[in-house]
Amino acid sequence: MHTIISVAIDATLITMVLALAAFGLAIIYGLVGVVNMGHGAMLTLGAYLTWAAASAGAPFFLAVLLAGAGVGIVGLLLEHLVIRHFYKSPFDTLLLTWAFFLVTTEIIKIVFGTDFRNVASPFPGAIDIGTFKLPAYRTFVSILSGLIIAATAVVFFRTSIGIKIRALIQNPEVSSLLGLNIAATYKLVFGFGAFMAGLAGGLIAPMLSIDPYIGNIFLVRSFFVVIVGGIGQLLSGTVVGSFVIGGSETIFALFTSQVVAQAAVFLVAIVLLRFRPEGVFRDQ
Amino acid sequence: MSQISLSLRRRSAGVDRRFFAGETTAAAALFLILAAVPPIIAGYPTYILPQYMLFGVLAMSLSLLWGFAGIVSFGQAAFFSVGAYAMGLMMHQDYGFNPAYAGILIAIPAATLLAAVTGYFLFSAGARATYFVLVTLALSISAEQVAVSQSGITGGWNGLFVDRMELTFGPLGAVSLTDDARMFYFVLVIVICVYLLMRRLTTGKFGKVLVGIRENENRLTALGYDVAFYKTLAFALSGGVAGLAGALYATHANFVSPSLGGVLFSTQAVVWVAIGGRGSLLGALAGGIVVSSLTNYLSAVIPDYWQLALGFIFIVVIVFFKRGLAGLLESAFEALRHWRTAR
Chain A
22 MHTIISVAID ATLITMVLAL AAFGLAIIYG LVGVVNMGHG AMLTLGAYLT WAAASAGAPF
82 FLAVLLAGAG VGIVGLLLEH LVIRHFYKSP FDTLLLTWAF FLVTTEIIKI VFGTDFRNVA
142 SPFPGAIDIG TFKLPAYRTF VSILSGLIIA ATAVVFFRTS IGIKIRALIQ NPEVSSLLGL
202 NIAATYKLVF GFGAFMAGLA GGLIAPMLSI DPYIGNIFLV RSFFVVIVGG IGQLLSGTVV
262 GSFVIGGSET IFALFTSQVV AQAAVFLVAI VLLRFRPEGV FRDQ
Chain B
8 MSQISLSLRR RSAGVDRRFF AGETTAAAAL FLILAAVPPI IAGYPTYILP QYMLFGVLAM
68 SLSLLWGFAG IVSFGQAAFF SVGAYAMGLM MHQDYGFNPA YAGILIAIPA ATLLAAVTGY
128 FLFSAGARAT YFVLVTLALS ISAEQVAVSQ SGITGGWNGL FVDRMELTFG PLGAVSLTDD
188 ARMFYFVLVI VICVYLLMRR LTTGKFGKVL VGIRENENRL TALGYDVAFY KTLAFALSGG
248 VAGLAGALYA THANFVSPSL GGVLFSTQAV VWVAIGGRGS LLGALAGGIV VSSLTNYLSA
308 VIPDYWQLAL GFIFIVVIVF FKRGLAGLLE SAFEALRHWR TAR
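Taken in order, these protein sequences are the chains called A and B.
Quick note: the first sequence uses our numbering, first residue 22, plus one each step.
Quick note: the second sequence uses our numbering, first residue 8, plus one each step.
So that you can see chain B by itself, here it is in the shape it has in the complex (with noise of 0.2 Å):
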């Protein structure tokens, strides 16, 4: 019996070192081919795919707790929201200093404490999962709606101008952003960063934990685990890299408006993860890239009939691909390896 067990583990341990060198390759190559695009195609995608980037963020953000604690917010876009209008806000003050690095300094904390409060709120309860869905959903149309009736602060529904931002350095000079490249280069950085952070938050011990959480909560409860505190947790660092991707939004597109707190736009990222694979990270950033590209560019094509398709892909990957297109390229890799030795 241990024998079996042991020699399963060691098994699954193989399987999942392939797994990580593979998904190495696969984020080097994600990165380089979107480090390609502003020497090689420039224009327009250079402008808009860093906004893209920032959607993968997003999406990255509810991988981190649907793929690993198993917890999937319907209101991830609130904080993306109250990140971007902390930015639009501080962008408008004169402290003295760079207002964009206030912007982001207020971003991280702001989001990172509603989804704090929220979420110890309803772990502490044990509240379920089903309840989880529907609270953040509220908490999306909360969002959209205090933007829209608070027009004094937040514009309501003509949004907020933001400029673009400035990188300073101190004594050392100052780089600014509007520049269409640089802005690039910037949120690539920032995706790169956030996305080895994740990585390395997710495979070690608070990975381990919050998988155990996934799939078996009682467990870790009777092993002492205080369950209610790692979810907080999750939930806590999700919404703060939602709220960095929304600080940064806004200062790339200029605008901040109602609506990127709204339902349509929190669900959407739960389409972006669904289809990139739920339970990789690198799957989530694809997914917010690719099918948020594939929508601007099919929206001018087929405009009535692409969001139509997506929500029959959006079936069709949670009836038939669990694990979206990661695992399916993961499995093709696999077969592919196994054709091979069989040969």
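The shape of chain A in the complex, shown without the other chains (with noise of 0.2 Å):
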């Protein structure tokens, strides 16, 4: 019972920092249709900003936003300066995206070196409850993960903006038509979500050692959870997603290796996607 609680904890955990990490992933895949191959690099700098930030003296807290923010502009610069112009093929977004995952992590590199970097815990220990120990940044920034898939749902679900939003993504013809601002909707769906990534590799940094290829590790799993919840199920998949990613990771790791266990969920993710291609929950 306790083995099974306590597994239960750690996949919860684990679930929620995944979702995180992928949500701006989800944001701009599902809402902008762009593979953004960017998103590893993308945590990554919001990562090292937080380090830069936080070095400089501002308060965690703060640092992190910073870092969501500067990743956002760039973000917008790299939207305005060259995915805009390659919305009708979505192949070359993601070899320009894959372009700027290669050129951001140089220039990080170039700034910040190569050696290992860490940001101060601001909880660090953990909270006692009963037999059970939860580490305390990593419970705080799970529940932060959840109000902030929570508050966007409210915005795109109960504002005038999310309205415009979800039209857009239903029919962007009859949309435009009807007055909508297509490129500046994109523009700022483009823009929250790397202000996301940002903001989740900072969030993340103080649990890992940050090097030039930390965003690597959440990529690739990332995908994943956007495929598998279902591109477009942007609140509910991607928590979904990162259960079945995130959570069979934890169950695969009881018994074997850390490295097996990531294969064995690649190899889920993959089956899943051969036979449910748009996603757990879609009907075909």
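Source of the hints: derived by calculation from the structure; they are not laboratory data.
Glycine residues also receive a C-beta, built at the ideal position from the N, C-alpha and C atoms.
Each hint should be verified, as a subset may be incorrect.
[What the hints assert, rightly or not] With beta-carbon atoms standing in for the labels, derived distance ranges:
| id | chain 1 | residue 1 | chain 2 | residue 2 | range |
| --- | --- | --- | --- | --- | --- |
| 1 | A | L102 | B | Y312 | 51 to 61 Å |
| 2 | A | V132 | B | Y51 | 30 to 40 Å |
| 3 | A | H23 | B | L301 | 38 to 48 Å |
| 4 | A | H101 | B | A136 | 47 to 57 Å |
| 5 | B | E222 | A | R105 | 22 to 32 Å |
| 6 | A | A141 | B | A43 | 53 to 63 Å |
| 7 | A | F276 | B | L301 | 38 to 48 Å |
| 8 | A | Q191 | B | A136 | 20 to 30 Å |
| 9 | B | L203 | A | S230 | 46 to 56 Å |
| 10 | A | Q191 | B | N261 | 53 to 63 Å |
| 11 | A | V195 | B | R226 | 42 to 52 Å |
| 12 | B | Y232 | A | A205 | 41 to 51 Å |
[Stated by the list, open to error] Computed, partial: chain B to chain A, Cβ under 7 Å:
| id | residue |
| --- | --- |
| 13 | A136 |
| 14 | V142 |
| 15 | L144 |
| 16 | S158 |
| 17 | G159 |
| 18 | I197 |
| 19 | L315 |
| 20 | I320 |
| 21 | W346 |
Since each chain comes alone in its own frame, lean on the hints to assemble the complex.
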């Protein structure tokens, strides 16, 4: 019983952290239709900017916000200079965002070097609940992740900007005829996705040692989260996909090594994709 | 209407023929220049160029997919490393016959099989091009991680040391390839053979079907072609070619490490092919050789900025020169010809 509960706790924490990491990707992929291969680099950049701001003396949460804003601006620049010209050929946006990854990673290496960096956790230690110990910071990030997704849901379903975005996904042509500015809305969504990626990178930073390839760990997993959850199933899909990917990794890791567990998760995701290419929930 | 389409077809056939003649000349020139390296330059280039030629073969394996079938794989390095490890492991065995032959004979089918299984699994479900990229990316990550974690077999991060192979001809004797010039010519002959075989394949019916799939998958299905089968075949072939390149790389470099299967190496191949020209086998081969030679050279001169510059070149190629250097050269020659005839 004890093991089951501690595995469940682990799985929940991993699910929520993964959901946070994948959320920016889900926004850009699900709403704008760009397969953002630069997502990993955006997470990494978020982590480094947080480190830089924190080292310059900014309090942790301000540093994370600044990092999110910084990555958001970079994302807007990327969209404005390159991506917006290629919305009609999705495969080119995939290659271009991968080029963004290559360039950003090299710039990070030049500016910050390749040494490991560490960001001090704002909540070190663990919370004791009876016989279980919750790592304080991870728990905090998990709750925050849930709150961010819920807040986005409110904006998405309860505000006029949310209605505009949903209209745009459903039918770009008609919504532009009705006076919706497609270009500006895409830009807004892309920038918000990048902002979320930077924010996630910053929040994840204290959990890991930061190196220029840190985002890669999350890139493929985030993609599987989005695809397994179902593209366009922005909110529930991200959480469910994270649970499938993160949860199964936790369970596999009980029986075997971390590496084999990850390979097994990839296999599960690939098999799921093969039989449910529209995500686990969507009917064909 | 039929008149127009007929004349169009005739004209495009003319362009094709000229293009092929041009490609033959370019290929002959490239191979002759390469063949002249050991006697003229010797030294380090003779040692290192075979590796870059094998990278060029890896690039060709990707160009078969990308240029002809319109599928991009971000996991070609996985097949390269399967081939390399097959060679590395076999070279440490003793079955009473040339272990390098055993290595090659296992490397090619192993890589082909891995590609065929992955490919069939995805293509039979009609997986989208973007999914294919992600799955091959995952394949590449897994290949590297498996190589790291199964250290009992693969040596983990320490890698495997591999001897130079020996060519044995049964009772006729043997030639050791420890000499760099001999290894160079052996690899060059293999590269030429692979290029000719792949070119033959792509200019024949198989290549036409692949191009048909790239241009209009539904139409090919309607015409009765089993699209999934052809895509799988192309991917399997491309995996096999990458596996062969990996096996020869292992014995040339004397060393196999997990990063050979990694994402970075996989995507380097994508960059080579994009710059060399995705639609041309020769362009991809040249792209692999030239870009990796430049990388070697410039990494010593401007270590930090070369990879950055390469990233920007990649962007410029995708945005402005979709057909890469090969396409650029082709249009340059075309322009030259027009200029001549105009005078």
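Open item on the list: Against the range 47 to 57 Å, how does the distance between the Cβ atoms of A/H101 and B/A136 compare: consistent or not?
Closed with: violated (26 Å)
Open item on the list: Please check whether B/L144 passes as an interface residue: C-beta within 7 Å of a C-beta belonging to chain A.
Closed with: Hint on B/L144: holds, closest Cβ of chain A at ~6 Å, below 7 Å.
TODO: For the hint on B/G159, just tell me whether its beta-carbon gets within less than 7 Å of chain A.
DONE: Result: violated, 12 Å to nearest chain A Cβ.
TODO: Evaluate the given range 53 to 63 Å for the C-beta pair formed by A/A141 and B/A43.
DONE: holds (60 Å)
Task: Whether the CB-CB distance between B/Y232 and A/A205 falls inside 41 to 51 Å - done: holds (44 Å)
Open item on the list: Within 46 to 56 Å: is that where the Cβ-Cβ distance between B/L203 and A/S230 falls?
Closed with: holds (49 Å)
Open item on the list: Between the beta carbons of A/L102 and B/Y312, is the distance compatible with 51 to 61 Å?
Closed with: violated (20 Å)
Task: Distance restraint evaluation - A/H23, B/L301, Cβ atoms, bounds 38 to 48 Å - done: Violated - the Cβ-Cβ distance for A/H23 and B/L301, about 59 Å, lies outside 38 to 48 Å.
Open item on the list: Does B/I320 hold up as a contact with chain A if the rule is Cβ-Cβ below 7 Å?
Closed with: violated (9 Å)
TODO: May I ask you to test the hint 22 to 32 Å on the CB atoms belonging to B/E222 and A/R105?
DONE: Holds, since B/E222 and A/R105 (Cβ atoms, about 26 Å apart) stay within the stated range.
Task: Range agreement (Cβ of B/L301 with Cβ of A/F276, hint 38 to 48 Å) - done: Because 47 Å falls inside the window, the suggested range holds.
Task: Minimum beta-carbon distance criterion (7 Å), B/I197 to chain A - done: Violated, because the Cβ-Cβ distance from B/I197 to chain A comes to roughly 30 Å (cut-off 7 Å).
In summary, the numbered hints that this structure violates are 1, 3, 4, 11, 16, 17, 18, 20, 21.
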